[in-house]
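**Student:** Given next are the chains, with one letter for each unit.
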Amino acid sequence: MTTIKIWKHFPREDLYECYQCARCTGSCPAMQVAPAIGPRGAILKCLNLGHDEVVEDEKIWLCCTCNVCEDRCPQKIPISDLLVALRNSAARRGNIPSRLGVAIELLAKTGRSMIVHQLDEMRAHHGLAPLPPAPVEEVRKILKKTGLEEVVEI
Amino acid sequence: MKYALFLGCAIPIKYPGFEAATRLVCDRLGIELVDLPFSCCPPPTSMKLVHYDSWLALAARNLCLAEEAGLDLLTLCSGCVNTLKEANLILKQSEAKKRKVNKILEEHHHHFKGTIEVTHILDVLYQDTVVDKMIKEQVREVPLRVGCHYGCHYFRPPKVMYPEELSAAESYVPVKMDHLLSIIGVEPTEFSRKFLCCGSPLGANADQDAGYAITKQKLAYIHERNIQAISVICPSCFEQFDMGQIVLARKNKEKEKIPTFYLTQLVGLALGLTSKEVGLDVHRVKSKKLLESVGIA
Ligand code: SF4
Ligand code: SF4
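Those protein sequences? They're chains A and B, same order as listed. According to this note's numbering, the residues represented by the first sequence are 1 to 154, in order. According to this note's numbering, the residues represented by the second sequence are 1001 to 1297, in order.
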């Protein structure tokens, strides 16, 4: 598996702008209900231990992607970009929650991220026509070309 | 007024009632909707986290379809609007990213130009001309104490979603749903953590119980304000409150449940549509009694 260079996606110098005030973490919903790393912790770990340590930790996925941390940061650090870059890198190393892996496979195979039984009947109940099929082949070709297979088999 | 309707996945597949309500409401308000062969947006909470380049290219394809039809893109889901607005902005700003994406889309005869805007049903309904029409078409009030839940991805990060609305602190807090619903007789009611996460992405990706723990906290604040109903603009938030209350009740023996409505369902009721027509009959937490108590069948 290839790894992405996360500093291409997030300006590394921005890490030093963090003064560890924990305003982000204080607002983080994931921190309140799960053993998450949290935004302040993620930044500190990147600085002290290097991002390799962080992307190998499963806890990196304990996040709502709510972007509240970035909103509250007095230093305006683009924390959401950092969290996206870290998890992209994690996924390439095989650190990806199984539910999420399954969801991505479904998307690549059907062009949609959801599936239900008796869809036509359900839609008819609400007076709606059947949903036209998604452009599966085109979607799959695009995803192959962008390199999604670095992360999941499609 | 005409838009390309971006249904996304959750609404047409899991909650077609929202689609039905939206189509009926838009028809009444003179908003024309055009269907195009879109794919999944794809979500900021799944594909973007796993593979950024795939996320951007697939979003670009969806944007291209609307561009080719010469229409702005109307979304019904916070995830869809987040992805498509951000991708549109990124591709308009970065020549390099645009070139890269166009090279991938070339073989499918798409070429991102940057000629359209992406919007959400809440912003479309909030336009002056639409509000005027809504007031004219309104046949009844919906006098309920409603907690408006905006979700996160509809407006965060604000520098991407609402750059022109930023405060001095470079932040932004949405108000449109509260304002719009007050027009149809709703009493919008504040509650703690109104602008924080519903819990859905944490549950979907990593830890269902933790996701519902967030929902539970939020519901406690909603109960505290004697709110009678929740209004949402995102199918994931909806599921978290509607299904979530069933799941949480099993664990906590909580009896009081608060019905959740998708925005266009409430607007539809005010325009005289029946609860069946706007799809309320399939919600897990039933609203029949509550609506009857204010004279709505
Ligand atoms: S709010 Fe900003 S400056 Fe404060 S700890 Fe978090 S990232 Fe660092
Ligand atoms: S985006 Fe993730 S890390 Fe940031 S506040 Fe939300 S849950 Fe916490």
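Keep in mind that the hints are not guaranteed to be accurate.
Unchecked claim - Here are the computed lysine-lysine pairs in the DSS-like style, where the Cα-Cα straight-line distance is at most 27 Å:
| hint | chain 1 | residue 1 | chain 2 | residue 2 |
| --- | --- | --- | --- | --- |
| 1 | B | K1159 | B | K1014 |
| 2 | B | K1098 | B | K1133 |
| 3 | B | K1194 | A | K141 |
| 4 | A | K109 | B | K1216 |
| 5 | A | K76 | B | K1014 |
| 6 | B | K1098 | A | K144 |
| 7 | A | K109 | B | K1100 |
| 8 | A | K5 | B | K1092 |
| 9 | B | K1100 | B | K1194 |
| 10 | B | K1097 | A | K109 |
| 11 | B | K1113 | A | K76 |
| 12 | B | K1257 | A | K59 |
| 13 | B | K1159 | A | K8 |
| 14 | A | K144 | A | K8 |
| 15 | B | K1113 | A | K8 |
| 16 | B | K1098 | A | K109 |
| 17 | A | K8 | B | K1103 |
| 18 | B | K1098 | A | K141 |
Since the hints were derived computationally from the structure, they do not count as laboratory data. Every value quoted in this text rests on a predicted model; they were computed, and no experiment measured them.
**Student:** Sort out whether K144 (chain A) lies within 27 Å of K1098 (chain B), counting only the CA atoms.
**Tutor:** holds (18 Å)
**Student:** Straight-line Cα separation of K1257 (chain B) and K59 (chain A) no greater than 27 Å?
**Tutor:** Violated - the C-alpha atoms of K59 (chain A) and K1257 (chain B) are around 33 Å apart, more than 27 Å.
**Student:** Compare the distance between the alpha carbons of K1097 (chain B) and K109 (chain A) with 27 Å, and conclude whether the hinted pair is satisfied.
**Tutor:** holds (25 Å)
**Student:** Compare the distance between the alpha carbons of K1159 (chain B) and K1014 (chain B) with 27 Å, and conclude whether the hinted pair is satisfied.
**Tutor:** Violated - the C-alpha atoms of K1014 (chain B) and K1159 (chain B) are around 31 Å apart, more than 27 Å.
**Student:** Please verify whether K5 (chain A) and K1092 (chain B) have alpha carbons no more than 27 Å apart.
**Tutor:** Distance ~24 Å between K5 (chain A) and K1092 (chain B) Cα, so the pair holds.
**Student:** Check the hint pairing K1098 (chain B) with K141 (chain A) against an upper bound of 27 Å on the C-alpha distance.
**Tutor:** Given pair K1098 (chain B), K141 (chain A) holds - Cα atoms ~18 Å apart, limit 27 Å.
**Student:** Would you mind confirming whether the straight-line C-alpha gap from K144 (chain A) to K8 (chain A) stays at or under 27 Å?
**Tutor:** Holds, at roughly 22 Å.
**Student:** Does K109 (chain A) sit within 27 Å of K1098 (chain B), going by the straight-line distance between their CA atoms?
**Tutor:** holds (25 Å)
**Student:** With the threshold set at 27 Å, check whether the alpha-carbon distance from K1113 (chain B) to K8 (chain A) stays at or below it.
**Tutor:** holds (25 Å)
**Student:** For the pair we were handed, K109 (chain A) and K1216 (chain B), check the Cα-Cα distance against 27 Å.
**Tutor:** The given pair, whose Cα atoms are some 34 Å apart, is violated under the 27 Å limit.
**Student:** Given the hint that K1159 (chain B) pairs with K8 (chain A), test it: the Cα-Cα distance must not exceed 27 Å.
**Tutor:** Holds - the C-alpha atoms of K8 (chain A) and K1159 (chain B) are around 21 Å apart, at most 27 Å.
**Student:** If you draw a straight line from the CA of K1100 (chain B) to the CA of K1194 (chain B), is it 27 Å or shorter?
**Tutor:** Measuring from Cα to Cα gives roughly 39 Å; hence the hint is violated.
Of the numbered hints stated above, those contradicted by the structure are hints 1, 2, 3, 4, 5, 9, 11 and 12, listed in ascending order.
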